[in-house]
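With the hints as your guide, set chain B onto chain A.
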Amino acid sequence: MMKSDSKRLSLILLLTPFVLWLGLLVIIPHIDMFLLSIRERIAPRTYETSFANYAEFFGEPLYWNTLARTALMSILATVLTLFIAFPVAYYIAKILRGKSKSILFLLCLLPFWVSELVRTFGWMILLRETGIISNFLQWAGLISGPIELLYNDITVIVGLVYTSMLFMVVPLVSTLDSLDDSLIEAGYDLGGSAFSVTREIVIPHAMSGIISGCIVVFMLTLGNYLTPILLGGKSSMWFTGQIYTQFITRFNWELGAAFGFLLLFVSSAIVWLGLKLSGQTLASTVAKN
Amino acid sequence: MNYDLECKNLVKSFDQFKAVDHVSFAIPKGSFFSILGPSGCGKTTLLRMIAGFYEPNQGDILIKGKSVLNTPPNKRPVNLVFQHLALFPMMTVAENIAYGLRRRKIGKAEIKQTVTDALQRIGLPDAGPKQIDQLSGGQKQRIAIARCMVLKPDVLLLDEPLGALDLKLREHMKVELKQLQSQFDTTFVYITHDQSEALVMSDQVAVMNQGKFEQVGTPQELYYAPNSAFVAGFVGESNRWQGKAVSADNQSITMETISGLHIHAGIPLESDISTISRFSVGQDVVTYVRPESISLKRITPDISGNNSPTQTGENILQAKVKDLLFDGAKSRALMTTSSGETITVSLPQTGEFSNLKNGDELMLSWRADAVKIFHDSAL
Numbered sequence: 001m002m003k004s005d006s007k008r009l010s011l012i013l014l015l016t017p018f019v020l021w022l023g024l025l026v027i028i029p030h031i032d033m034f035l036l037s038i039r040e041r042i043a044p045r046t047y048e049t050s051f052a053n054y055a056e057f058f059g060e061p062l063y064w065n066t067l068a069r070t071a072l073m074s075i076l077a078t079v080l081t082l083f084i085a086f087p088v089a090y091y092i093a094k095i096l097r098g099k100s101k102s103i104l105f106l107l108c109l110l111p112f113w114v115s116e117l118v119r120t121f122g123w124m125i126l127l128r129e130t131g132i133i134s135n136f137l138q139w140a141g142l143i144s145g146p147i148e149l150l151y152n153d154i155t156v157i158v159g160l161v162y163t164s165m166l167f168m169v170v171p172l173v174s175t176l177d178s179l180d181d182s183l184i185e186a187g188y189d190l191g192g193s194a195f196s197v198t199r200e201i202v203i204p205h206a207m208s209g210i211i212s213g214c215i216v217v218f219m220l221t222l223g224n225y226l227t228p229i230l231l232g233g234k235s236s237m238w239f240t241g242q243i244y245t246q247f248i249t250r251f252n253w254e255l256g257a258a259f260g261f262l263l264l265f266v267s268s269a270i271v272w273l274g275l276k277l278s279g280q281t282l283a284s285t286v287a288k289n
Numbered sequence: 001m002n003y004d005l006e007c008k009n010l011v012k013s014f015d016q017f018k019a020v021d022h023v024s025f026a027i028p029k030g031s032f033f034s035i036l037g038p039s040g041c042g043k044t045t046l047l048r049m050i051a052g053f054y055e056p057n058q059g060d061i062l063i064k065g066k067s068v069l070n071t072p073p074n075k076r077p078v079n080l081v082f083q084h085l086a087l088f089p090m091m092t093v094a095e096n097i098a099y100g101l102r103r104r105k106i107g108k109a110e111i112k113q114t115v116t117d118a119l120q121r122i123g124l125p126d127a128g129p130k131q132i133d134q135l136s137g138g139q140k141q142r143i144a145i146a147r148c149m150v151l152k153p154d155v156l157l158l159d160e161p162l163g164a165l166d167l168k169l170r171e172h173m174k175v176e177l178k179q180l181q182s183q184f185d186t187t188f189v190y191i192t193h194d195q196s197e198a199l200v201m202s203d204q205v206a207v208m209n210q211g212k213f214e215q216v217g218t219p220q221e222l223y224y225a226p227n228s229a230f231v232a233g234f235v236g237e238s239n240r241w242q243g244k245a246v247s248a249d250n251q252s253i254t255m256e257t258i259s260g261l262h263i264h265a266g267i268p269l270e271s272d273i274s275t276i277s278r279f280s281v282g283q284d285v286v287t288y289v290r291p292e293s294i295s296l297k298r299i300t301p302d303i304s305g306n307n308s309p310t311q312t313g314e315n316i317l318q319a320k321v322k323d324l325l326f327d328g329a330k331s332r333a334l335m336t337t338s339s340g341e342t343i344t345v346s347l348p349q350t351g352e353f354s355n356l357k358n359g360d361e362l363m364l365s366w367r368a369d370a371v372k373i374f375h376d377s378a379l
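As they're listed, the protein sequences go chains A and B. Taking the numbering used here, the leading residue of the first sequence gets 1, the next gets one more, and so forth. Taking the numbering used here, the leading residue of the second sequence gets 1, the next gets one more, and so forth.
In short, the hints are calculated from the structure, not lab data. Keep in mind it's a predicted model, so treat the numbers as computed, not measured. Among the hints, a few may not be true.
[What the hints assert, rightly or not] Restraint ranges, calculated between C-beta atoms of paired labels, are given here:
1) B:A164 to A:G279: 30 to 36 angstroms
2) A:I203 to B:N70: 26 to 32 angstroms
3) A:E148 to B:T92: 19 to 25 angstroms
4) A:I203 to B:V200: 55 to 61 angstroms
5) B:K212 to A:I203: 40 to 46 angstroms
6) A:T130 to B:R102: 56 to 62 angstroms
7) A:V19 to B:R121: 58 to 64 angstroms
8) A:I203 to B:L169: 29 to 35 angstroms
9) A:L110 to B:K112: 50 to 56 angstroms
[Unchecked claim] Some, not all, of what chain A presents toward chain B, calculated at C-beta under 10 angstroms:
10) L36
11) S37
12) E40
13) L183
14) A186
15) A194
16) T198
Each residue gets a CB set at the ideal place from its N, CA and C atoms; glycine is no exception.
Looking at chain A on its own, in the form it has when it is part of the complex (with noise of 0.2 angstroms):
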């Protein structure tokens, strides 16, 4: 008795703040915003429920197409993050050695003990039509007068990739370190190129890593606020920055609600649908790291 008792204790014990974070920070927030968004102001401090919400989202084209603007740039800016963390994490995991190593892997997160609004201000720095580009261009010649590279959609996108990177190299380099490397040799071994090798054993070995980076890359891009607004600024149409009119400008909590609960399902299906494309269950994802 004594010992289930004890067993049941610390259970519950390791439990408690688990379910006080789910439940005080995830669902009853959640809740209250479905409760908002399915509201609606007919008179002062009178509401009735309804979708109208929902319906004003799909009436206004220029809310579902900010929508859908930001999602598919996110995925862009997922895939281009993908195709440059890749060579970088098979270099730090499977070419370099001992010390390099390491030393490459730290120069990687170092940019990460900045805060991302100081990084973006980095680039502001960098791209505005006085800044240091701009600048050097004119000063060698090559452009006549001032330059502004910043505020379009290119900056954004390099933006995101920057500041999501770290989160596709991490998992890349921890699933390729866990490849042996006698596979490769047998695979050029056998007869195949550099490119077989990489597509028949590489990446196959290395797709739980692959999704589960692109998961967290997707969403924290998806959901990115400071980055899309300071280096696309008025013009980004990013969806965050429309959720953030809604309940800051125009004081318009129950359509904000509404964006919130579109964005996470925007979110959830997109994932969702590239779990189903590549053939991975988000389980052997997430548990092979």
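Positioned in the frame of chain A, the structure of chain B alone reads:
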């Protein structure tokens, strides 16, 4: 004579360390060639050079008479069975075997046929759709070999593939590997640190030590006529004594150990006259005697032993049983001489000595030509 694989003066150094030091050998077609050596002797480096994963600093590698030095590993007509087999866990058994064939742009139907044939040949006709982790150690072994053999390599390299198996399976796989080799009729180059694997399976064995080949020969030659102290000590079990040469004549050399034991070593007939002059009185020498070449006799009152060459070329010695090491047909006894030397002897399986006890006195004798004598280098 045409050789499947020839290595000429291969050298490979890592920084200051010479892993492979001027190694030359040639392997005739269809033979089973083993490279035997302790870990760190450079055998894996040698194998990886042949496979193409390392580039030699010097020398040449020829396969069927053609240099492959500038051929990358994926284009060489050799395949390697890795130490841990390196089967692809992301593919089924059939996909593993088909991997190399797919790289050669062979038609799907033909690949399927070849894979089926290969599975039939290794006795696993139904294993095709299985996952790698569903296989036992011995089955994985066979799949790894089949995966290479479907590509019909000129030479198959094997890097201690039996190392990870348990003893029983290892014994079984030794026989099976030998059979697979004759079945596929391909040249096998097998590296191992296990002398029994090398002796059982090979046509030719090269004993490697510190980057050099000490001796290349048939298993019998290595066992009965080792030409260096290292080979005598490494291949098979031996009693080893160090000492000084105290006398030498036409037929034998007598050595005295520090504890005063005298060993008479014969000079093999076939060796040239310089052998005798090689040893002179006062030199440091080392001798090896196999436990099974020592014959045992129970003490009877009329003979008493103090190693004096009563019959020509015979060592006779009295010793006491210190320990009995029972191991079925390989049972041995540890004997101590009056001077305190320990000698390992094999117990004959005739039952004559089955009632031997610790402390029993026995007469040991062995022929002088069963003693291998070498200069004592700093071993």
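To see whether the hints hold, each was checked on the structure:
For B:A164 and A:G279, the Cβ-Cβ distance of about 31 angstroms falls inside the hinted range of 30 to 36 angstroms, so the restraint holds. Distance hint check: the CB atoms of A:I203 and B:N70 are about 29 angstroms apart, consistent with the given range 26 to 32 angstroms. A C-beta distance of roughly 56 angstroms is found between A:E148 and B:T92, which places it outside the suggested range of 19 to 25 angstroms. Checked against the given bound of 55 to 61 angstroms, the beta carbons of A:I203 and B:V200, roughly 42 angstroms apart, lie outside it.
Against the hinted window of 40 to 46 angstroms, the Cβ-Cβ separation of B:K212 and A:I203 comes to about 43 angstroms, which satisfies the hint. Checked against the hint of 56 to 62 angstroms, the C-beta distance between A:T130 and B:R102 comes to roughly 58 angstroms, which is consistent with it. A:V19 and B:R121 have their C-beta atoms about 60 angstroms apart, which keeps the hinted 58 to 64 angstroms range intact. Look at A:I203 against B:L169: about 34 angstroms separates their beta carbons, and that is inside 29 to 35 angstroms.
With their beta carbons about 52 angstroms apart, A:L110 and B:K112 fall inside the hinted range of 50 to 56 angstroms. For A:L36, the suggested interface contact is broken, since its CB lies about 47 angstroms from the closest CB of chain B, more than 10 angstroms. Interface restraint check for A:S37: the shortest CB-CB distance to chain B comes to about 44 angstroms, outside 10 angstroms, so the restraint is violated. At about 53 angstroms, the closest approach between the beta carbon of A:E40 and any beta carbon in chain B exceeds 10 angstroms, and the interface hint on this residue is violated.
Interface restraint check for A:L183: the shortest CB-CB distance to chain B comes to about 5 angstroms, inside 10 angstroms, so the restraint holds. Of the supplied interface hints, the one on A:A186 holds, with its beta-carbon coming within about 4 angstroms of a beta-carbon of chain B, less than 10 angstroms. For A:A194, the shortest C-beta to C-beta distance to chain B is roughly 9 angstroms, which falls under 10 angstroms, so the interface hint holds. With a least beta-carbon distance of about 13 angstroms to chain B, the hint placing A:T198 at the interface is violated under the 10 angstroms criterion.
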